[in-house]
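In order, the protein sequence lines correspond to chains H, G and W. The first sequence maps to residues 0 to 592 in numbering that gives the first Met the number 0. The second sequence maps to residues 0 to 512 in numbering that gives the first Met the number 0. The third sequence maps to residues 0 to 366 in numbering that gives the first Met the number 0.
Some clues are possibly wrong.
To be verified - Distance condition first, Cα-Cα at most 25 Å in a straight line; then the derived DSS-like pairs of lysine-lysine:
id: 1; chain 1: H; residue 1: Lys477; chain 2: G; residue 2: Lys44
id: 2; chain 1: G; residue 1: Lys44; chain 2: H; residue 2: Lys182
id: 3; chain 1: H; residue 1: Lys546; chain 2: H; residue 2: Lys515
id: 4; chain 1: G; residue 1: Lys44; chain 2: H; residue 2: Lys523
id: 5; chain 1: W; residue 1: Lys248; chain 2: W; residue 2: Lys41
id: 6; chain 1: H; residue 1: Lys376; chain 2: H; residue 2: Lys410
id: 7; chain 1: H; residue 1: Lys182; chain 2: H; residue 2: Lys228
id: 8; chain 1: H; residue 1: Lys574; chain 2: H; residue 2: Lys391
id: 9; chain 1: H; residue 1: Lys147; chain 2: G; residue 2: Lys255
id: 10; chain 1: H; residue 1: Lys95; chain 2: H; residue 2: Lys182
id: 11; chain 1: H; residue 1: Lys332; chain 2: H; residue 2: Lys592
id: 12; chain 1: W; residue 1: Lys77; chain 2: H; residue 2: Lys460
id: 13; chain 1: H; residue 1: Lys147; chain 2: G; residue 2: Lys67
id: 14; chain 1: H; residue 1: Lys283; chain 2: H; residue 2: Lys115
id: 15; chain 1: G; residue 1: Lys44; chain 2: H; residue 2: Lys515
id: 16; chain 1: H; residue 1: Lys220; chain 2: H; residue 2: Lys235
id: 17; chain 1: H; residue 1: Lys238; chain 2: G; residue 2: Lys44
id: 18; chain 1: H; residue 1: Lys464; chain 2: W; residue 2: Lys77
id: 19; chain 1: H; residue 1: Lys410; chain 2: H; residue 2: Lys84
id: 20; chain 1: H; residue 1: Lys426; chain 2: H; residue 2: Lys376
id: 21; chain 1: H; residue 1: Lys228; chain 2: G; residue 2: Lys67
id: 22; chain 1: H; residue 1: Lys477; chain 2: H; residue 2: Lys515
Just so you know, these hints were derived from the structure itself, not from any lab.
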Amino acid sequence: MRFGRISKAVGVAAAAALALSACAGNSGGSTPSSAAAAAKSGGSATVVEVNAFNTFNPNTADGNTDINSKVSYATHSGFFYIDNKLNVVRNEKFGKMEKVSDNPLTVKYTINDGVKWSDGTPVSAADLVLQWAAFSGYYNDADAEGKKGTTYFSYAGDPTGLALTDFPELGDDNRSITLKYSKPFADWEIALGGPGIDIPAHVLAKKAGLADAKAFVDMIKGMPRGDAKSPKPANKQLKAMADMWNTGFDTKTLPADPSLFLSNGPYVVKAMNQDQSLTMVKNKDYNWGPEAKLDEITVRYIGEAPAQVQALKNGEADIIAPQASADTVEQLKALESQGVTVEVGNQLSYDHIDLNYSGPFADKNVREAFMKTVPRKDIVDKIVKKLDENAKPLDSQLFVPDQAKYADSVKDNGSSAYQDVDIEGAKKLLNGATPSVRIMYNKDNPNRVDAFSLIRESAGKAGFKVVDGGLGKSDWGKALGDGSYDATIFGWINSGVGVSGVPQIFKSGNDSNFNKFSDPEADKLMEELIVTTDKAKQDDLIQQIDKKIWASAYGLPLFQAVGVDAYSDRITGVKYMPNQTGVWWNFWEWAQK
Amino acid sequence: MVTYIVRRLLTAALILLGASFLVYLLTAASGDPLEEYRAINAANKQQLMDARTELLQLDVPPPLRYFKWLGGAAQCLVPFAGTCDLGKNIVGQPVTDALGHALVQTLTLVTGATVLAILIGITLGIITALRQYSALDYGVTFMAFLFFSLPIFWVAVLLKEFGAIGFNNFLRNPEIPLATAIGIGLVLGAVIAVAVGGELKRRVLAGGVVFLFVAAILIYFSATEWFKTPGLGPVLIAIAGVGLAFAVTLLTAGLKNRKALQSSLIAVGVGVVLYFVVQPLLDQATFLMIVLLGVATVLVGLGIGYLVGGYDRGQSMRAAAITSFLVGFMVLLDRFMQAWPSYFNNSRVRGRPIATIGASTPNIEGDFWVLGLDTFTHLILPTLALILISLASYTRFTRASMLEIMNMDYIRTARAKGLTERTVVMRHAFRNALIPIATIVAFDIGGLIGGAVITESVFSVRGMGFLFLDGISHVDPNPVMGVFLCVAITAMVFNLIADLAYSALDPRVRVKA
Amino acid sequence: MSQPSQQDEIMAEEAALPQPPAAGIEPVLEAKGLSQGQIVRKRFLGHSGAIIGLVVFAFIFILAFTSVGYLGIPGWWKYNHEQVSPLVNDGAPTSSLWPLAWGEHPFGQDRIGRDLFAMTMRGAQQSITVMIVIGLIAGLIGVVVGAVSGYFRGWAEAILMRLTDVIIIIPALLLAAVMAQMAGRRDSGSWFSAFASTNGVLALGIFLGLISWVSLARLMRGEFLSLREREFVDAARISGASNARIIFKHILPNAVGVLIVNVTLTMSAAILTETALSFLGVGVKAPDTSLGLLISQNQQAFSTRPWLFWFPGLFIVLICLSINFIGDGLRDAFDPRQKKFNAKKAKDAERKPEPAPVTALDGPGDR
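Generate coordinates for the entire structure from the input sequences, incorporating the hints supplied.
In structure tokens, the structure reads:
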């Protein structure tokens, strides 16, 4: 169900997009009260992760594996975090993030007094400036071929938002900065300053040969925005800092230099056993956010789901979140008798079948006929029902059921026509034709293979000649959009709800618009969408776009991926989370019984 | 001889060069390194792909990339310069570092398993050869083939379920119901009765004795909660020591050699006395100390044998040395058992000692004994799995080799001379049968560091096999090449050693100069 | 890569080869008036393990190839391995021992309702095909390379043996990964990809055959090296026999025992290799299936839907075991040095006349 190693960038982007569209309007500045206050402090827990930790900077293109982000999340704090209802929750104990003006969009970040790194240095505006410089790609002037100019920070995330800003205005107290956007940008709330301020500017400056963080700020203050058209020689000191940022924090063993793993969050890394485990203990100074209960969290790396389950069963692990499969879930449920709690929920990725707007499917009737034959209920029953009893086919291209707007949209987007297989209807639409269609999918993903088998079986009944166009895992991705197939089954991680995610997939001519869907009206709506900051208006626009997509017989969403986590009876406070942060989102509430 | 070796090494270097080129190209062609970015819809999809392209130098054609890599690798040939550069893997770790770590992981995992598999396999092979076509022979053959036929991930899952989870649950309340104790005794007794061979009376007797013994021990263990506080104690060491002394003497010198028996028994006595002496010393044990003590034990044994002497002093010394080593081993075992409760109740272990994954309990603290036990409890399952599947080849091969030797004319001559069966088997047949086995062992050791890919992945040990597999799955040639180099070089060196050893052991075989 | 033992066995046997048979005298005592073939057959038939293995293997072979059909010929079983049918009894096996009945899905169904019996049979077919293809290819190449390098020696030997060295040290797993990737390419690649994607199992068998001949070649070379020095070869040469004639008529028949035995061993190792490769995701690909793929796909079902795991596993073990026993029987039957074994005596179930089976552990020499 997951597509190889899912990059954190994608995950965060998806979560962010979803979070925003879901709740951009109502996220107040509240710090959550600790719900599990009853559980006592102290104790330890062992969490299992698939990948091995390898860098203290999870923002780089090479370092953005889920585990690095999770460890960073536990050891750093920021202005906000995302909860399991995908709300952006502000952490006012850390600092204040306020929208000063709507036009032009201006945001002021202020860090509270007393917030400091674990070496005692206060977290300052310089740290924010560093993050801004890295995330915005402001100074990059490499041209598209990468032959001339310099790319400084190799940032894995999406720079579109911060690229709209100029060098921030610094507050007098060295604790605040103010960002001004040249265009309204809906994602401003999650663009900077969280969930963790993870790289200390004063350390980076020292390592690059600068006097201190102030020298760094002064240095880049004067530098102009990078221009790919007229690249300049690289600034040596900034380059040195960027190199340090890119690779200097890569390590599999605990560095001898403690400044390489400074914490400003609830935990601080204490020990690392290469490719085996990582241990974090409480950060004594920390009092600027939700207070952690456990004294110690150990992360162990186990690749295979069965091995994870057996480790939980044997008491070697307390919390696991293996890749969900029917058997894994059943095995975990069998452990409930020994006190294990199992949580099953939706993930943000979903599988779908897209029909090309060309070849045999150029005719809308054929597309509609094919969609009528797709046995969505059957697919859900056979692939995800075993994991999640409440699973239903996904009925919107842009919303997921967790969102309030989903039900509204489903009601009038036209999905009701494709609830059940309608072979007769399909035959009528085909009018005796027996088009031959090639379906491309990842042959190495069992879910896709099974979905394909079921679709082929059903479509054949209506007269479609379905050709098996499945490709191996190293080839199917390259084949996307190359026209060698007529329909494809694959998954998006971004469920398409995000303001920036929607046009990526559905706007004419965009990179990820693989089936060449093109609707001028939808394009116009999407253009409007990306500069709309009002939540209700966004939802409205998305709903309209959803309807347009369904009306043109684009294809069908099939089902959402199912995620699972389980924890032993020693532990309380673990809660399911659909996005990439997984169970870690509320690690501070974990407690030992 | 020297020319032969030089020539072999030269061809090996050429082969290595050619094969490494092939392997590099194959790895580069084995998949799509950008796969994980293909179906994402982030705005900076292209940048991410570019970053990966730059990291893996995908814009350089693979043959050129190979020569770049070779340039770095060639620096490894400069001794002590520390310029060795095998590139970095996809997460930015130098491959040399990753290899070093993986090598340690793999060796800890497979060394014990291989040694044990060789020892057990050879023993079983000899016994089955001496009892060709007996029930024992068929039984061992069947079991060996059965284990050989089992896919290892299957064995691993079963072992974890019963060997770790089941056993740990049992340890929570280590009571063996009477019926179970008797049942286990019955089964073992029956096995022994079948295996022992000979007349019915003898079989029944042997089976009966084993049944009574096993059942009694299990009941005793259950009653005293032995599994929670295990230990041998001096009495048991003494009794077992005397038994061992007889067995060792029987094998090395024959019981007729009274002097050898005497020296072995004296060694046992000394061992039991020393048991009390070394206890305080063992409390501060380090690994080096244990090794030194082991050496000392053997020396003491040799000394005893030398002093007792007899018509064949060498035999006495050998018997006494082996006996004292075994007794020393029991003392060591006893000390480990003494440490068991403290390990068992360690806050990190929490009463579930047998582990299903990894190489050690994270953050465990303790003395030499606790840490030793920790390693042991982590290694036992993968070791068992590896032994089970690799037993077959050693058993079958030793059996074939032994059978062949036993039919040689010189064995007939030896028998005709009136030598005892022990001398014929142990001195004339066994040693010669070992010659071809020496080569297979050399081959196996050469292949050791390749790691056991599947075993590593199911027991989540990140060794050479994992490194290799991970490299392939990310289409990242550097770690793949690193592993390949290590494996190929050791394999070739050990092949050479195997050939040389063969010609050294068997005078009929000469290397071509 | 995972279970190297059988390969080792073959290699080590090769190492053992330079030992000449005892003084070059063939023990013909028990072979009065019998041809070599007859002796071998007698001995083989007297090896009960091998006979049982043969019967079991024949049973599985017939069951697998008749039940779900092969090469378009329909079989007698009502489902095939791709057919999806409604879940009966939640997919659990419907067969029972008492009352003895097959039921609708005797081995159960997988999660989308494919019949596991059909899949297992198809898997067994594929695994047996892989095995036989490997046996044939590895045997053929091994014999040719071994014979040429062992008989002609010189530069031919040098080149061929270096070639085997290269092949031996290239990791099979890597080759398999490249193969799997090409097979996954279907029609966008070369003729090879096209072939591999439509005949996945056959391609895998050929590929494994192409890399597993090396140990056999080394072994055959050793055999040829020692046999070509024998008197009967000299005699043939003097009487004017051509090289080809000497190789095929004189030397090969003498080496055929070693050959057959080791081919069977390679074959049983091949099934396990296929299993391991499928476990690692580079072997046979869905929707086609093989025994190895079935158990690796279903290994998580171990404790929840165990039948998905046990039935294919049982067949792997059975096939492997029977092949091993057949090989073992052949080894004993072909080995002229095995004097101990005597078909007639074995029938009489008498103890051997040679030294009573006293092991070292039995007690001090009583004789």
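Structure-based check of each hint:
1. H:Lys477 to G:Lys44: With Cα atoms ~14 Å apart, lysine 477 of chain H and lysine 44 of chain G stay inside 25 Å; holds.
2. G:Lys44 to H:Lys182: Roughly 22 Å separates the two Cα atoms, so the pair holds.
3. H:Lys546 to H:Lys515: Measuring from Cα to Cα gives roughly 17 Å; hence the hint holds.
4. G:Lys44 to H:Lys523: Holds, at roughly 23 Å.
5. W:Lys248 to W:Lys41: holds (23 Å)
6. H:Lys376 to H:Lys410: holds (18 Å)
7. H:Lys182 to H:Lys228: Judged against 25 Å, a Cα distance of about 22 Å means the pair holds.
8. H:Lys574 to H:Lys391: holds (22 Å)
9. H:Lys147 to G:Lys255: Not satisfied, since the Cα-Cα distance of roughly 89 Å exceeds 25 Å.
10. H:Lys95 to H:Lys182: At roughly 22 Å apart (the allowed maximum being 25 Å), lysine 182 of chain H and lysine 95 of chain H satisfy the hint.
11. H:Lys332 to H:Lys592: holds (21 Å)
12. W:Lys77 to H:Lys460: holds (20 Å)
13. H:Lys147 to G:Lys67: holds (23 Å)
14. H:Lys283 to H:Lys115: holds (11 Å)
15. G:Lys44 to H:Lys515: holds (18 Å)
16. H:Lys220 to H:Lys235: holds (15 Å)
17. H:Lys238 to G:Lys44: At roughly 23 Å apart (the allowed maximum being 25 Å), lysine 44 of chain G and lysine 238 of chain H satisfy the hint.
18. H:Lys464 to W:Lys77: Distance of about 24 Å is within 25 Å: holds.
19. H:Lys410 to H:Lys84: Holds: lysine 410 of chain H and lysine 84 of chain H sit about 23 Å apart, inside 25 Å.
20. H:Lys426 to H:Lys376: Holds. Lysine 426 of chain H to lysine 376 of chain H sits at ~20 Å (cutoff 25 Å).
21. H:Lys228 to G:Lys67: violated (32 Å)
22. H:Lys477 to H:Lys515: Measuring from Cα to Cα gives roughly 16 Å; hence the hint holds.
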